[in-house]
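J.: What follows is the residue order along each chain.
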Amino acid sequence: MKTARGLLIPVVVIALVAILSGVGWALRIQLYSPKTPFSAFLILVGLLTAGYFFMTEARAGKSVPVRRIPAFEAVEEAVARSVEMGRPVHMTFGFGTISSSMAPQFIAGLGVLSHVARLCGKYGAKLVATLGVPEAIATTEEIIREGYYSAGRPELFDPTYNVRYLTDQQFAYASAVQATLIRENVGANIVVGPFWAESLIFMEAGNMVNAFQIAGTARETQIPFFVLVADYSFIGEEIFAAGALASGDKETLASIRGQDVGKLLTIVLVILGVLTLLAGLKLVDALNWAWKVG
Amino acid sequence: MSEMSALSSLEKILGSKELLYTLLLLSVILPILHPLGIPVEISRRTIDVYEYIETNLRPGCRVYIEVYYEVAARGELEPNLIALTKHLFDRGCRIVYGSLSAFGVIAFSLFKSMAADVLEGKEYGRDYVYLGYIAGGEAATASLARSIKGTISVDNYGNRLEDLPLMKEVDKATDFDLVVIVSSGTDIFAYYVRQWHTPYGVPLLFACLSVIAPSIEPFVGAKQAVGMLVGQRSAAEYEVLVGRLGLGIASMDAQSTSHMLIVAFIVIGNAIYWRRRISSKRGGSR
Amino acid sequence: MISWDVLGAWLCAAMVVWIYSFAYRDNALYKLAEHMFVGTAAGYSIALALDSLNRVVVSPAVRSPGTFWTTSWHYLVPVALGILLFAKYSRKYYWLARYAVAVNIAVGSGLALRTVPIANIVRQITATILPLWGSDPVKVLNNWILVLITLGGLTYFLFTIFPRVAEGARPSPTYRVYRSLYYIGIYGMMVGFGALFANTIMTRVGFLISIYLIYIQPEAWAATVAAILAAIAIILGILRKR
Amino acid sequence: MSLVLRKYVPQTIVSIIIVLTVVFYYFYVSKEIAGTFTTADKALSDWVVIIMSFALIVGGIDILRFHLARIRREGMGQAPFSTVTIALLVLMVVFALHGWYLSYADPAAGIAITTQPQFRWLYLNVYAPADAAVYSILVFYIASASYRAFRVRNPMALLLLITALIVVFGNTTIGGLIWPGFLPLRDWIMTVPNTAAFRPITIGAGLGVIILGLRLLTWREISWMGRRE
Chain A
1 MKTARGLLIP VVVIALVAIL SGVGWALRIQ LYSPKTPFSA FLILVGLLTA
51 GYFFMTEARA GKSVPVRRIP AFEAVEEAVA RSVEMGRPVH MTFGFGTISS
101 SMAPQFIAGL GVLSHVARLC GKYGAKLVAT LGVPEAIATT EEIIREGYYS
151 AGRPELFDPT YNVRYLTDQQ FAYASAVQAT LIRENVGANI VVGPFWAESL
201 IFMEAGNMVN AFQIAGTARE TQIPFFVLVA DYSFIGEEIF AAGALASGDK
251 ETLASIRGQD VGKLLTIVLV ILGVLTLLAG LKLVDALNWA WKVG
Chain B
1001 MSEMSALSSL EKILGSKELL YTLLLLSVIL PILHPLGIPV EISRRTIDVY
1051 EYIETNLRPG CRVYIEVYYE VAARGELEPN LIALTKHLFD RGCRIVYGSL
1101 SAFGVIAFSL FKSMAADVLE GKEYGRDYVY LGYIAGGEAA TASLARSIKG
1151 TISVDNYGNR LEDLPLMKEV DKATDFDLVV IVSSGTDIFA YYVRQWHTPY
1201 GVPLLFACLS VIAPSIEPFV GAKQAVGMLV GQRSAAEYEV LVGRLGLGIA
1251 SMDAQSTSHM LIVAFIVIGN AIYWRRRISS KRGGSR
Chain C
2001 MISWDVLGAW LCAAMVVWIY SFAYRDNALY KLAEHMFVGT AAGYSIALAL
2051 DSLNRVVVSP AVRSPGTFWT TSWHYLVPVA LGILLFAKYS RKYYWLARYA
2101 VAVNIAVGSG LALRTVPIAN IVRQITATIL PLWGSDPVKV LNNWILVLIT
2151 LGGLTYFLFT IFPRVAEGAR PSPTYRVYRS LYYIGIYGMM VGFGALFANT
2201 IMTRVGFLIS IYLIYIQPEA WAATVAAILA AIAIILGILR KR
Chain D
3001 MSLVLRKYVP QTIVSIIIVL TVVFYYFYVS KEIAGTFTTA DKALSDWVVI
3051 IMSFALIVGG IDILRFHLAR IRREGMGQAP FSTVTIALLV LMVVFALHGW
3101 YLSYADPAAG IAITTQPQFR WLYLNVYAPA DAAVYSILVF YIASASYRAF
3151 RVRNPMALLL LITALIVVFG NTTIGGLIWP GFLPLRDWIM TVPNTAAFRP
3201 ITIGAGLGVI ILGLRLLTWR EISWMGRRE
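Chains as they are written, first to last, in the working numbering: chain A, 1 to 294; chain B, 1001 to 1286; chain C, 2001 to 2242; chain D, 3001 to 3229.
Be careful, since some hints might not be right.
Have a look at the derived ranges for each label pair, beta carbon to beta carbon [said to hold, decoys possible]: (1) B:GLY1221 with A:VAL13: 48 to 56 Å; (2) D:ILE3033 with B:TYR1124: 42 to 50 Å; (3) B:GLY1221 with C:ALA2231: 47 to 55 Å; (4) B:THR1174 with A:ARG67: 54 to 62 Å; (5) D:VAL3004 with A:TRP196: 33 to 41 Å; (6) D:ALA3087 with A:ASN210: 31 to 39 Å; (7) D:TRP3179 with B:GLY1092: 51 to 59 Å; (8) A:PRO154 with B:GLY1136: 26 to 34 Å; (9) B:ARG1091 with A:ASN210: 53 to 61 Å; (10) C:TRP2004 with A:GLY248: 54 to 62 Å.
Some chain C residues flagged as far from chain A (calculated, every beta-carbon gap over 12 Å) [as the list claims (entries may be wrong)]: (11) GLY2008; (12) VAL2038; (13) SER2059; (14) SER2064; (15) GLY2066; (16) THR2067; (17) THR2071; (18) MET2189; (19) PHE2207; (20) ILE2235.
The list that follows gives simulated cross-link-like pairs (lysine-lysine, PhoX-like), each with its CA atoms no further than 25 Å apart [what the hints assert, rightly or not]: (21) A:LYS292 with A:LYS35; (22) A:LYS62 with A:LYS250; (23) A:LYS35 with D:LYS3031; (24) B:LYS1086 with B:LYS1122; (25) B:LYS1012 with B:LYS1281; (26) B:LYS1223 with A:LYS35; (27) C:LYS2092 with A:LYS282; (28) D:LYS3031 with A:LYS292; (29) B:LYS1223 with A:LYS282; (30) B:LYS1172 with D:LYS3042; (31) D:LYS3042 with B:LYS1149; (32) B:LYS1223 with C:LYS2139; (33) D:LYS3042 with A:LYS35; (34) D:LYS3007 with C:LYS2092; (35) D:LYS3007 with A:LYS250.
No lab work stands behind these hints: they were computed from the structure.
Since the model is a prediction, treat every value here as computed from it, not as a measurement.
Glycine included, each C-beta is placed from N, C-alpha and C at the ideal position.
Isolated chain A (complex conformation) (with noise of 0.2 Å):
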């Protein structure tokens, strides 16, 4: 019964395209841009109605399996290391603004940071979080607040030592985190975001204080530096995956299956593009089509 009204509204969008797109079409109507391939927009309709039908699902208590991600488990590792040897614990999550296709990076760091704030006031250690968005210090004061404040350890919250502002200049950022993870000696780094030419800076002065370093970004081209220099890497994708499993939202998770459904989609249609090529037919065509009348 829930599942049927959790499908309500996706089924309601889908026929509405549909019955737009049938009408349109049957009376040579300029219903959408020229432009713009026809696909892109079932797609883009097609992905959003099926993260929100998971959504829904998850509401009502179906929960989701997940891979496991060595690298999120190691995060409980690394915080507990630091404290051993008691040192503070650092994370930060780069300076890729919250209005540009950088934010789901952005804030998938904002997850795991909520998660590595917790597992902090599980374990009693100090957090240094550096960032190099304005936007975002009232959101990292306030998630680092709520990780000691749940564990019940408000005395080690102090938003001038564990929330640092450093620029919103790259590399002026990046000279003074590097700084920072020396000065403070460190026990764990705990890198994911959005990363630009500075997350080697950050690998390397995490290595000259021996921390144990958990890195992670979706940015091609910074994804090798991570994965051959840190201890444990989130690789592309896993970062939102992390973000989500940490963010501890069962909401937030299953919107994460609705990712996986887009990848399948590609698979098949990678695969059935291929297949049709034997036949002579051509899926790229289709793909391409803009809807264009007369």
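Got chain A; can you put chains B, C and D on it based on the hints?
T.: Structure of chains B, C and D alone, referenced to chain A:
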């Protein structure tokens, strides 16, 4: 046992970053001072660019060059810019330079002092003009394509554009026979493709850092650009082609020595690792 | 004798050496350079902010008030929203800042939702649909590699939908296909990572050469002095720790 | 009521803007409407620029507060350094404001905010070299990172090392002396396996954007709001 201790002390020496960093500095600077002269094989891609300019640009042609790189990218892009400028001047072209970023202004002034021999005998205002920093990103790119004089009124040095002879001849995208984009960022290439090439069909030529080459490769593949020069390697090749050996070719030697140094460290590191691993397996538990 | 230009060249050389000295060890001169850098960077971002405000709002409003008030009056809305950002310092009215952040994140997300389905998904799919047979064996092999690694990588990133195998049961064919694609994906990606890592060395060495270029100037002696100072600072730092 | 103003209205604004920007991109009603929305688009991007500018100014104030707090907390060890940061920050802003003033008071001089002479001096001699130095310090880091990272511990690491070596030899002229085949092999690696390896990551990043859009639309994403309630 003594072998093991020798190995571990060797590992300690190699692992100390001070040694590696010092050797690295030397391996980069010494070859620039005394080039080794390792021959450079010229790639097809660079020859294509050279031949395009040779066949399509006649004396009197007008070229626009976007100078968009920061000081840190000079080593890779400045030799490209100098070699291209030399080639274009040799072909009798006249050049309008512009920058969509504030750091382009610094890059251009440094370029001028490094390329004094290329610019010698060329008159500012008649043979080349530098527009300076033009603010506004992609919107400014579009506006420049419509009208340069409608976008800005003075050049970098405060001269009014109407007073410069070269600027009397050119104003919009279609007035140029070639547009060269020398950039350390990826977005700029897309701006010019969208605002200059797609609407006006102006031929574009790219010069980029080697790290970002894969991301702009699609434009060249789709024939939206006539070719591209990638980093110091292309600069070295182009210097050979235009016959002005400069920093590009010297840097290739520095690249070789520094890369070989890193390879040597990797190989020795692995050798020690495996030597220890094998002997520790033989000797039982460590 | 000592002009601002010479002093500038000196400072320029010193900044580079002091920042490089960090690669060897943290020291007081690096700390100084870092704090100078952060200060100028923060000032520079504020200046850039003022510059764009000037370009978008102030300059049109002052230079051609007529057109501004008829066509661009709506720019006063984001100005008001921007001023609301200062509300975050208030204990009571901190939520007013959300209105500005809301517009920012919504526009960013909306703009990304337009281009992403085309650029990141449709274009990538169409680029992967390649003929897996033909007369040219090299091309066919390349296409096989491209398609298999792409599919493998996608399989690797499946987090919640994947075949599982029960304890002790024989793995199903679907599971076998999943596992092999998974490994093709991760190994393929490793090849890409290794290649990109090695390729980056070249650009980084290029940057070092750019820095070196700063020093072929008349004021090269300044660099030497700065380097000696940095060396002294490093040694002093080590001595103090002991 | 207060919760409506504090929470629901901002979230509604987010949903409305996202829906409008997406809908008017994919749908096409008439030429006039498409034209209007192109202008509206431009205006909306300018809106973001304006708001971002204010965010940067607020960020500058935060840096000031951070360093003042450090002076208070950490005492003499930190105070001189933080003072340098604060002084330079204030100086840069003062020079920028002076340039801004001049651009209106004396337009003929051609001085604007970023071209004010003292501002430019600081930018050229402090900011620019520091920026380039931090960027190029990576050459040291990439060398020491490769020394540690390319240790052959397992088959995967061997694969990594082999590709890396091929690319290194292909990139340098000395590689061409050893074996001319390195260059074509490197080009093949960069165009075939490398392209394939990064394609799934690109697709994944795109899917992440779409799903984040969904969470924003359905009000499930609240991390941008700062304080929770």
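J.: All hints are to be evaluated individually against the structure, with a verdict given for each.
T.: Results for each hint:
no., hint, in the structure
1, B:GLY1221 with A:VAL13: 48 to 56 Å, "violated (37 Å)"
2, D:ILE3033 with B:TYR1124: 42 to 50 Å, "holds (49 Å)"
3, B:GLY1221 with C:ALA2231: 47 to 55 Å, "holds (50 Å)"
4, B:THR1174 with A:ARG67: 54 to 62 Å, "holds (55 Å)"
5, D:VAL3004 with A:TRP196: 33 to 41 Å, "holds (40 Å)"
6, D:ALA3087 with A:ASN210: 31 to 39 Å, "holds (35 Å)"
7, D:TRP3179 with B:GLY1092: 51 to 59 Å, "violated (42 Å)"
8, A:PRO154 with B:GLY1136: 26 to 34 Å, "violated (49 Å)"
9, B:ARG1091 with A:ASN210: 53 to 61 Å, "holds (58 Å)"
10, C:TRP2004 with A:GLY248: 54 to 62 Å, "holds (57 Å)"
11, GLY2008, "holds (19 Å)"
12, VAL2038, "violated (5 Å)"
13, SER2059, "holds (23 Å)"
14, SER2064, "holds (29 Å)"
15, GLY2066, "holds (32 Å)"
16, THR2067, "holds (28 Å)"
17, THR2071, "holds (24 Å)"
18, MET2189, "violated (7 Å)"
19, PHE2207, "violated (9 Å)"
20, ILE2235, "holds (17 Å)"
21, A:LYS292 with A:LYS35, "holds (9 Å)"
22, A:LYS62 with A:LYS250, "holds (9 Å)"
23, A:LYS35 with D:LYS3031, "holds (13 Å)"
24, B:LYS1086 with B:LYS1122, "holds (11 Å)"
25, B:LYS1012 with B:LYS1281, "holds (21 Å)"
26, B:LYS1223 with A:LYS35, "holds (20 Å)"
27, C:LYS2092 with A:LYS282, "violated (61 Å)"
28, D:LYS3031 with A:LYS292, "holds (14 Å)"
29, B:LYS1223 with A:LYS282, "holds (22 Å)"
30, B:LYS1172 with D:LYS3042, "holds (22 Å)"
31, D:LYS3042 with B:LYS1149, "holds (22 Å)"
32, B:LYS1223 with C:LYS2139, "holds (21 Å)"
33, D:LYS3042 with A:LYS35, "holds (18 Å)"
34, D:LYS3007 with C:LYS2092, "holds (14 Å)"
35, D:LYS3007 with A:LYS250, "holds (21 Å)"
The structure fails hints 1, 7, 8, 12, 18, 19 and 27 (numbered hints given earlier, in ascending order).
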